[in-house]
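Here the protein sequences come in this chain order: A and B. Here my numbering is used: position 40 in the first sequence is 40, and no number is missing along the way. Here my numbering is used: position 51 in the second sequence is 1051, and no number is missing along the way.
It is possible that part of the hints are untrue.
Claimed, not checked - Cross-link-like lysine-lysine pairs, in silico, DSBU-like; alpha carbons within 30 Å at most:
| # | chain 1 | residue 1 | chain 2 | residue 2 |
| --- | --- | --- | --- | --- |
| 1 | A | Lys71 | B | Lys1042 |
| 2 | B | Lys1071 | A | Lys44 |
| 3 | B | Lys1068 | A | Lys44 |
| 4 | B | Lys1057 | B | Lys1068 |
| 5 | A | Lys71 | B | Lys1100 |
| 6 | B | Lys1071 | A | Lys27 |
| 7 | A | Lys44 | A | Lys27 |
| 8 | A | Lys27 | B | Lys1022 |
| 9 | B | Lys1058 | A | Lys44 |
| 10 | B | Lys1100 | B | Lys1071 |
| 11 | A | Lys62 | B | Lys1068 |
| 12 | B | Lys1022 | A | Lys62 |
| 13 | B | Lys1022 | B | Lys1068 |
| 14 | A | Lys44 | B | Lys1042 |
Hints are computed from structural coordinates only; laboratory data are not their basis.
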Amino acid sequence: NAGVMQNPRHLVRRRGQEARLRCSPMKGHSHVYWYRQLPEEGLKFMVYLQKENIIDESGMPKERFSAEFPKEGPSILRIQQVVRGDSAAYFCASSTTASGAYEQYFGPGTRLTVT
Amino acid sequence: GENVEQHPSTLSVQEGDSAVIKCTYSDSASNYFPWYKQELGKRPQLIIDIRSNVGEKKDQRIAVTLNKTAKHFSLHITETQPEDSAVYFCAATEGSSASKIIFGSGTRLSIRP
């Protein structure tokens, strides 16, 4: 089991460009969560998705940020027109669909740097 | 919504001594409380968790206690070792749903040789 995969691991974008972050959940997991971590800070919930559905996006900024988890392929977090304040580590986590299974397992993260 | 407070923000203990990290939560409906360990530049790793129907859980040198009445839970690490040095995060579900986990601000634990 390869675990949760994220790519790229490091991404550098200039202000105004778009950033696309990808996350492949663990085998057998169909729930995906995205978190943002600023340097020296905790993890902030952004969005929770199941296949083809956004379940909870209450932590996602209303503008420039979007997320999807298509029927086939990885989940994608998209940031349009990036600004310096978007520089952070973005982690995704996945969990199973089993009833009462709450455990979330994290990927290695994508470190986004906006120059 | 849920609010999770974590203390202390930094903790330094002598190797072999115990370390205790405390968290409080605000949502009385929370029913799942995981603890994560994050080493520098690495992913958060789940080290132990507890459900609301249990008061204490132990796994080797790590234990977690939960007081639902007071809405606080704690992580205890005994016989600390250098490899325990990391940032530790507590977390709690928002409500009784597994969909959203709110994290504390983290505790940087350093083990002195």
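Cross-check of the supplied hints:
{"no.": "1", "hint": "A:Lys71 <-> B:Lys1042", "in the structure": "holds, 29 Å"}
{"no.": "2", "hint": "B:Lys1071 <-> A:Lys44", "in the structure": "holds, 21 Å"}
{"no.": "3", "hint": "B:Lys1068 <-> A:Lys44", "in the structure": "holds, 24 Å"}
{"no.": "4", "hint": "B:Lys1057 <-> B:Lys1068", "in the structure": "holds, 14 Å"}
{"no.": "5", "hint": "A:Lys71 <-> B:Lys1100", "in the structure": "holds, 22 Å"}
{"no.": "6", "hint": "B:Lys1071 <-> A:Lys27", "in the structure": "violated, 35 Å"}
{"no.": "7", "hint": "A:Lys44 <-> A:Lys27", "in the structure": "holds, 25 Å"}
{"no.": "8", "hint": "A:Lys27 <-> B:Lys1022", "in the structure": "violated, 34 Å"}
{"no.": "9", "hint": "B:Lys1058 <-> A:Lys44", "in the structure": "holds, 27 Å"}
{"no.": "10", "hint": "B:Lys1100 <-> B:Lys1071", "in the structure": "holds, 18 Å"}
{"no.": "11", "hint": "A:Lys62 <-> B:Lys1068", "in the structure": "violated, 34 Å"}
{"no.": "12", "hint": "B:Lys1022 <-> A:Lys62", "in the structure": "violated, 33 Å"}
{"no.": "13", "hint": "B:Lys1022 <-> B:Lys1068", "in the structure": "holds, 14 Å"}
{"no.": "14", "hint": "A:Lys44 <-> B:Lys1042", "in the structure": "holds, 16 Å"}
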